[in-house]
Amino acid sequence: MKEGVQLRYGWIGGGKYGVPVEMYASERVDAPGSRFVNMNATGYAEYLDDQDAEEIFGSVEGPYGTINATQAKAGKQNCIVDITAIYKVPVDTGTFAITDIGDTCDVGVTSNVQGAYLGASTQEQLIILSGDLDNNEWVIIRLNPFVQGETDSA
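Per the numbering used here, the sequence shown starts with residue 202, numbered consecutively.
Calculated directly from the structure, the hints in this document are not laboratory data.
Cβ-Cβ distance ranges computed for the label pairs, FRET-style:
{"id": "1", "residue 1": "N279", "residue 2": "I299", "range": "29 to 39 Å"}
{"id": "2", "residue 1": "G244", "residue 2": "N337", "range": "35 to 45 Å"}
{"id": "3", "residue 1": "G320", "residue 2": "G215", "range": "18 to 28 Å"}
{"id": "4", "residue 1": "N241", "residue 2": "I284", "range": "20 to 30 Å"}
Heads up, the beta-carbon is just placed ideally off N, CA and C, and yes, glycines get one too.
Based on the provided sequences and hints, a complete structural model is requested.
Following this line, the structure appears as structure tokens:
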């Protein structure tokens with residue numbers, strides 16, 4: 202295994218208050234990665250795409266892989282919406298520097314793996330708290346409460 206790579210990413214501390222959400226059909230996110238979602242106009246949760254223009258809602262504690270149409274309406278997943286929740290996520294794009302602490306960045310996706318798109322702050326969905334200065338494999342973040350929870354109305 203490459204130095205600094207984590208076997209598991211996701212919630213690591215802080216509050217863990219969650220609400221049940223139903224996932225939209227054919228959503229896919231692969232391990233290792235985060236599972237950040239937005240709520241679409243029909244009331245279903247969708248994984249955020251690469252630099253998605255949608256606002257972040259929370260982090261789903263469901264399974265990795267594809268959620269097919271029969272699963273989408275059959276069961277609910279817990280979605281952590283607590284603004285004090287802290288997450289460790291892989292670096293999707295960019296290089297972590299100590300000067301990034303306190304900055305915002307977007308959610309990025311490469312090959313169905315969600316992570317932090319460092320240096321991109323178009324949506325400002327994540328706030329960087331710390332990171333891997335040695336290997337640039339991960340960052341510690343929290344959700345930006347100023348853009349959390351808005352529903353996609355389009």
